[in-house]
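**Q** In the working numbering, the protein residues as written are 1 to 208.
Hints in this document: simulated from the structure, not taken from any laboratory.
Yeah, the Cβ is synthetic: ideal placement off N, Cα and C, and Gly gets one too.
It is possible that part of the hints are untrue.
[Said to hold, decoys possible] Distance ranges between label pairs, derived from CB positions:
| # | residue 1 | residue 2 | range |
| --- | --- | --- | --- |
| 1 | K50 | G135 | 20 to 26 Å |
| 2 | N47 | Q203 | 40 to 46 Å |
| 3 | Y144 | S185 | 26 to 32 Å |
| 4 | R119 | V186 | 37 to 43 Å |
[Unchecked claim] Listed next, the in silico DSBU-like pairs over lysine-lysine satisfying Cα-Cα at most 30 Å (straight line):
| # | residue 1 | residue 2 |
| --- | --- | --- |
| 5 | K53 | K155 |
| 6 | K55 | K155 |
| 7 | K153 | K55 |
| 8 | K50 | K156 |
| 9 | K153 | K200 |
| 10 | K55 | K156 |
| 11 | K50 | K167 |
| 12 | K153 | K167 |
| 13 | K55 | K167 |
| 14 | K53 | K153 |
| 15 | K147 | K55 |
| 16 | K167 | K53 |
| 17 | K147 | K53 |
| 18 | K200 | K147 |
| 19 | K147 | K50 |
| 20 | K155 | K50 |
| 21 | K55 | K200 |
| 22 | K155 | K200 |
| 23 | K50 | K153 |
| 24 | K53 | K156 |
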Amino acid sequence: MHPLVSAWFSFPTKGTMMLPLHNKFTGLRYFNSSLILSLSHHCDMENQWKRPKHKYIKVNVKGGLDVSQCLASVSAVMRNEYGRYIDSYKGIIGFTTPIVAELYAILYGMDLAWGVHDRIIIESDSSEAIDLVNGVQGDSALGYELKIIDMWKAKKEWTVEFTLANKYQNEEARAVTVLALEEASVGVFDTEEPLRNMWKILQDAKME
1 MHPLVSAWFS FPTKGTMMLP LHNKFTGLRY FNSSLILSLS HHCDMENQWK RPKHKYIKVN
61 VKGGLDVSQC LASVSAVMRN EYGRYIDSYK GIIGFTTPIV AELYAILYGM DLAWGVHDRI
121 IIESDSSEAI DLVNGVQGDS ALGYELKIID MWKAKKEWTV EFTLANKYQN EEARAVTVLA
181 LEEASVGVFD TEEPLRNMWK ILQDAKME
C-alpha cells in the first residue's frame, strides 16, 4: 500500500465523521473526514482545508500519474460551506501528461457538481492548471480541454470559480487520487460512466 494511504488509515477516527466513497467492486469505503487535520497536524491553520464562501460548495480535485503502470488518475471531493461531505469521484483516465491529468480532474470535478448546486468553487493545487482555466496563461496544445472547460463554465445554470490550494489544503483529493492508482494496480476499477453530464452538454451544444 502507498505510504500516504497507509498513513491515512493509521490515524485514529474517534470522534470524527466518516467520509464514504463508493466503489462498485470494493463496496463502501470509509475515510476520515478530518484527513487534512490528521495528515497536516504539524501545519498551521493556513495549511488546512478552507470552507467555501457563503452559499457555495467546494470541489477539491487532483490528477495523478503512476509511470510504472502507465496510468493517470483523477479525483474530486465535494463539500458544502460547512465542510460536510456531499459526494466524490475517483477514476483512471489512461496515461497522459501531468497538466492534462490536472485539467481532466477539473472536468471531473465540474461533472460531479453539475446539477447539485448553482455556485461552485473548483479547487486544485496545480497553479499551472488554475492559471490556464482562469485565462492567466494560454497553451495551444491544451485547446480542446480548455475549450470544454470554458464552455461549461459559461453555462447560465451556475457560477463556477477556480481557486488554488496548497498541497496540504488539497490533501484529501490527493489521497483519493493515490487510492485510485493503488486499486488499479490490483485490477480494481470504478465502473461508473465517466463525465456523463459533460457528454450530454456537449451533445446538446452540437444540436443548438
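**Q** Are the Cα positions of K147 and K53 separated by 30 Å at most?
**A** With a Cα-Cα distance of about 27 Å, the restraint between K147 and K53 holds, given a limit of 30 Å.
**Q** Hint check: K153 vs K167, CA-CA at most 30 Å. Holds or violated?
**A** Given pair K153, K167 holds - Cα atoms ~24 Å apart, limit 30 Å.
**Q** Checking one constraint from the list: CA of K55 to CA of K167, max 30 Å. Satisfied?
**A** With a Cα-Cα distance of about 25 Å, the restraint between K55 and K167 holds, given a limit of 30 Å.
**Q** Run the distance test for K55 versus K200: straight-line Cα separation, threshold 30 Å.
**A** Status holds; Cα separation ~26 Å.
**Q** Is the Cα-Cα distance between K55 and K155 30 Å or less?
**A** With a Cα-Cα distance of about 19 Å, the restraint between K55 and K155 holds, given a limit of 30 Å.
**Q** Does the alpha-carbon distance linking K167 and K53 stay inside the 30 Å limit?
**A** Measuring from Cα to Cα gives roughly 20 Å; hence the hint holds.
**Q** When you take the CB atoms of K50 and G135, is the distance between them in 20 to 26 Å?
**A** Because 23 Å falls inside the window, the suggested range holds.
**Q** Hinted pair, alpha-carbon criterion (30 Å max): K50, K153. Please report holds or violated.
**A** Judged against 30 Å, a Cα distance of about 22 Å means the pair holds.
**Q** Tell me if the straight-line CA distance from K153 to K55 falls inside 30 Å.
**A** Holds, at about 18 Å.
**Q** Can the restraint linking K50 and K167 be considered satisfied, given a maximum Cα separation of 30 Å?
**A** Status holds; Cα separation ~12 Å.
**Q** With a cut-off of 30 Å on the C-alpha distance, tell me whether K53 and K156 pass.
**A** Answer holds: K53 to K156 is near 20 Å, not above 30 Å.
**Q** Does the alpha-carbon distance linking K200 and K147 stay inside the 30 Å limit?
**A** With Cα atoms ~16 Å apart, K200 and K147 stay inside 30 Å; holds.
Consistency with the previously given hints is maintained throughout, with no hint failing.
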